Amino acid sequence: MVSERSLEVLKAIVRDYVASREPVGSKTIVERHAFGVSAATIRNDMALLEDEQLIVAPHTSSGRVPTDKGYRLFVDHLAAARPLTSAQRHAIETFLGAPNDLDEVLGRTVRLLSQLTNQVALVQYPSMVRARVQHVELVRLGDARLMVVLITDTARVEQRVVETDVALDEPLLTELRTVLNGAAVGLLLQDVPTALRAVPQQLRPEAQTLGGVVVATLIEQVAANRQDRLLMAGAANLAKSEQDFSGGLFPVLEAIEEQVTLLRLFGEMQVDDIAVAASIGVENAEYGLDATSIVAGGYLAGGGEVARLGVLGPTRMDYGTNMAAVRAVARYLSKLLGEH
1 MVSERSLEVL
11 KAIVRDYVAS
21 REPVGSKTIV
31 ERHAFGVSAA
41 TIRNDMALLE
51 DEQLIVAPHT
61 SSGRVPTDKG
71 YRLFVDHLAA
81 ARPLTSAQRH
91 AIETFLGAPN
101 DLDEVLGRTV
111 RLLSQLTNQV
121 ALVQYPSMVR
131 ARVQHVELVR
141 LGDARLMVVL
151 ITDTARVEQR
161 VVETDVALDE
171 PLLTELRTVL
181 NGAAVGLLLQ
191 DVPTALRAVP
201 QQLRPEAQTL
211 GGVVVATLIE
221 QVAANRQDRL
231 LMAGAANLAK
241 SEQDFSGGLF
251 PVLEAIEEQV
261 TLLRLFGEMQ
271 VDDIAVAASI
281 GVENAEYGLD
291 ATSIVAGGYL
301 AGGGEVARLG
311 VLGPTRMDYG
321 TNMAAVRAVA
331 RYLSKLLGEH
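Sequential numbering from 1 applies to the sequence shown in this note's numbering.
Fair warning: there could be bad hints in the mix.
[What the hints assert, rightly or not] Using C-beta positions, here's what the derived DEER-type ranges look like:
{"hint": "1", "residue 1": "T194", "residue 2": "R140", "range": "21 to 31 Å"}
{"hint": "2", "residue 1": "A91", "residue 2": "S20", "range": "19 to 29 Å"}
{"hint": "3", "residue 1": "P251", "residue 2": "R229", "range": "16 to 26 Å"}
In case anyone wonders, no lab produced these hints; they're calculated from the structure. Note that the structure is a prediction, hence the values are computed from the model and not measured. Cβ coordinates follow ideal geometry from the N, Cα and C atoms, glycine included.
With the sequences and hints as input, model every part of the structure.
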């Protein structure tokens with residue numbers, strides 16, 4: 001068991017090491033922090049922390065650095081994430097703004113989160129397991145050119161342009177639009193293909209060819225929406241912390257390119273639309289990311305669906321600031337998607 005003062009010493013070591021990248025000694029702690037005890041007492045606390053494998057001496061220096069276990073204890077006892085400044089909060093509201101569609105707002109989200117934290121930012125597209133069709137729109141672009149637009153209740157807008165051999169006129173499109181929406185609106189995406197396959201037979205003979213082309217396109221759009229995927233920004237930030245990766249950057253870059261790996265890791269983390277969680281160092285070993293930490297939270301994507309977003313970086317990261325940024329961006333994103 002770690003005493004209350006030893007825990008405070010650990011917190012001081014973590015914060016000083018994150019800020020300076022230099023091992024932290026007892027003299028430095030006494031000078032920088034008001035513990036009201038001697039350096040010898042702090043050295044005793046540090047010895048206890050070392051016995052618990054919470055800190056370690058990286059070399060013959062008298063200073064100590066946190067271990068992954070030490071970071072874990074630090075995060076578990078982080079009473080409150082460091083609040084964002086008013087400028088940071090304003091940046092979130094201004095940068096995200098009012099979205100035109102889900103692709104745009106998620107793209108803005110990862111860029112903003114990367115800028116706020118100086119880490120790699122990740123955002124998961126909604127899984128669409130519970131997404132429903134809100135509307136199907138057909139837009140005539142020319143005599144034989146048509147845009148098929150699929151809109152879900154999670155703010156996802158999927159557009160495809162199709163070339164047809166059929167002369168397009170508004171009465172034909174009105175009929176097809178009406179039948180498509182009657183068949184698909186309100187259905188879960190997983191149920192849409194079955195419902196749509198019966199649509200061509202419900203049309204006039206001269207509209208059935210076009211109906212078959214549009215139905216095939218919509219089924220492809222539904223399949224694209226049901227695939228889990230991630231957006232990423234800020235991979236260049238890893239280069240700023242290259243010396244924090246003892247095995248080099250290549251294994252980390254290789255691992256984060258595998259979206260399936262990151263999606264699995266995200267899926268294992270216990271987050272919702274309120275909580276923010278951290279997965280630290282060796283906890284990520286099975287994913288090839290044992291030199292990294294991931295801070296993740298959840299956002300409400302519509303229909304009650306919770307998707308994840310977060311940041312990835314070295315274990316020597318500012319957990320308080322990063323957790324605050326993830327929480328704030330996730331909450332604003334939930335609010336934004338709920339309004340639009």
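Unsatisfied constraints (hint numbers, rising): none
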